[in-house]
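Q: Top line first, the protein sequences correspond to chains A and B. With my numbering applied, the first sequence covers 99 to 268. With my numbering applied, the second sequence covers 1262 to 1428.
I should point out that these hints are in silico values taken from the structure, not numbers from a laboratory. Cβ coordinates follow ideal geometry from the N, Cα and C atoms, glycine included. Careful: at least some of the hints might be erroneous.
Unchecked claim - Take a look, some chain A residues computed to stay more than 10 angstroms from chain B by CB distance:
| # | residue |
| --- | --- |
| 1 | S103 |
| 2 | A112 |
| 3 | H115 |
| 4 | A151 |
| 5 | V157 |
| 6 | E182 |
| 7 | L194 |
| 8 | L206 |
| 9 | G207 |
| 10 | D209 |
| 11 | L210 |
| 12 | A224 |
| 13 | E261 |
Said to hold, decoys possible - Stretch-level coverage of chain B by chain A, calculated; a stretch enters the list once three of its residues show a Cβ under 8 angstroms from a Cβ in chain A:
| # | stretch |
| --- | --- |
| 14 | 1269-1283 |
| 15 | 1368-1376 |
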Amino acid sequence: MSGLSSAPIPELRADDHVRGPADAPLVIVYADFECPYCAAAEIRLRAARLRIAFRHFPVRSSHPRAWPAACAAEAAALQGLFWEMHDLLFGDQGRLEDPHLWARARTLGLDLERFDADRRSPPVAARIRDDFESGVRGGVVTTPTLVANGALHAGEIDVRSLEGVGAGSG
Amino acid sequence: MSEPSTDGPITAGAPAPEFTLMREDGTEFTRADLEGNTTVLVFYPFAFSPVCSDQIGLYEEVLSDFLAKRGATMYGVSCDARWSQTAFREKLGVTSIPQLSDFEPKGAACRAFGVYHPGGFPQRALVIVGPDAVVRWSYQAPSPADLPGANLIFDGLDATAAGSARA
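Bound-form chain B, shown alone (with noise of 0.2 angstroms):
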């Protein structure tokens, strides 16, 4: 298998790579946790920098929409140890968005994923996935300080549907 490309994320149609992320409990999160549900990764550069606050905040007062009517669960994934996700979360107020940590080795389910910075740090990237573990919509900000909007997710929930539909 080759090298995961550098220079964009994953897209629709690939399988999810295999990859292991720790949980803020410490246990692992890997490949097989994304099967039977939708999921939305949203890979964000770093804990506590005020851009990723507003993005998290923001998915976190849209999410009753995703989980009551679209079924998805959604993760936030950095390079940051889990302790420090969890301070930034519990900062942030946000209670329904659990983080996943790429700590060590770091970043390597970013790089797997295709959306880690040259910089040392993930990409402002959004990666849907689907029940089967196939990747149905990805986004990646043309810069680490463009916020994604929530409506870019609902965008890609709804190609996500329009291609189980086909299928």
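Just chain A, same shape as in the assembly (with noise of 0.2 angstroms):
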């Protein structure tokens, strides 16, 4: 009936941001890139064997820089960087101001007009809402939070049990 009333999350969807071995344990993860526990969970991530699928959860409130830091990813997305923004933007939480997010993408070389344009689309804004109302409805709270196995995994994170529980899964 309402928007936001419980549903399972997603299992993997073919717009997904994906990357990681095909055949690893798939963990999507609710992020926001300008949480720090996001930042220090992605360094663990990165490290581990999973395939990692990126969801956005960005809560404007306590972190004010974390839409349009999700927007600048979605637009590089379009010009088919988004994990290289999605490191860029991990790597320097301190700067995620507009002139920051254009340097970024001069860095990757990307369009800079189209990107400019693309992170302040409608599609691209409702790309980051359709991903936060996922996890919303799935019960995310707080990020960063992991699902393996369509079970939500908060706080800290055991690299290990999940590179052991997520075969099978999407």
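Join the two chains into one complex using the hints; note that each chain is given alone, in its own frame.
A: Set out below in structure tokens:
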């Protein structure tokens, strides 16, 4: 009835951003580019043998630049460089103002005008909102929240157990 | 009237109890203020505890869906002094969830709603009260460390709407 009532976390979608070995256990990460715990988790996830799907979960009240950063990542995705922007955003969370986002786009060799138009476009906003709402409906409350085999893991990340349990999901 | 139960929150169908909370501006918020609107009361243990911060910030993020689509008003309730609550809300950057203080006599309203933790603070609980001041739905987290997702509030509002449709 209402848009945000409970629903299971969606399984891997065609438009999800995914990286990692195809045969590695799948973990869906709900995260926010301004969240320091997400950046810390990202370092540990990158070192693990996991297939990672990234979904946006920006909460504006605590992280005012999380939303623009998410838009920048989606705009980069439209030029095929989501993960490159993702890594640059998590790599320096102290610089998330617009000029810093443009600088990253330049570093990646993106078409800057297109990047700037895309990051402010309604489809990009809708994409992020969809990710966010899928998390809310699935019970995500905080970031980062990892989803493996339909189970939510928030707080301290146990990479080894994720490497063991994720297989077969999605 | 018997003492409110201490082993769980007030349940759907019960009239909201008489209570007095204090708004951030120092004026009283009582049972009469529940009438005419659907009200979501978010009981949380302490201002400034990191867990509450995530919860209230997330609820703020989805609040447009409450207000625009569901006609419900949300309040945060704790036993902190109103000054602390305001500082907490402002620190979170939350503008749309007014705070209500159960500071003196401490926990009296929380006890009336059945959500007072023996440790001297509110349980992490959600209570939805209909425009007739009758409780429509309630939820208490298994422990104060568990954050109720915003989805639960929408489930509760759906149940409320279904109940009204049947009535």
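Q: Against this structure, judge whether each hint is valid.
A: The hints, checked one at a time:
1. S103: The claim breaks: A/S103 does not keep its Cβ more than 10 angstroms from every Cβ of chain B (closest is about 4 angstroms).
2. A112: 24 angstroms, holds
3. H115: For A/H115, whose nearest Cβ neighbour in chain B is about 21 angstroms away, the distance exceeds 10 angstroms, so it holds.
4. A151: Per Cβ check, A/A151 is outside 10 angstroms of chain B; nearest 20 angstroms; holds.
5. V157: The claim is violated: A/V157 sits with its nearest Cβ about 5 angstroms from chain B, within 10 angstroms.
6. E182: 27 angstroms, holds
7. L194: It holds; A/L194 is separated from chain B by about 15 angstroms at its closest Cβ, greater than 10 angstroms.
8. L206: 29 angstroms, holds
9. G207: 34 angstroms, holds
10. D209: For A/D209, whose nearest Cβ neighbour in chain B is about 31 angstroms away, the distance exceeds 10 angstroms, so it holds.
11. L210: 30 angstroms, holds
12. A224: 15 angstroms, holds
13. E261: Holds, since 26 angstroms exceeds 10 angstroms.
14. 1269-1283: Violated: only 0 residues of the stretch 1269-1283 of chain B have a Cβ under 8 angstroms from chain A.
15. 1368-1376: violated (count 0)
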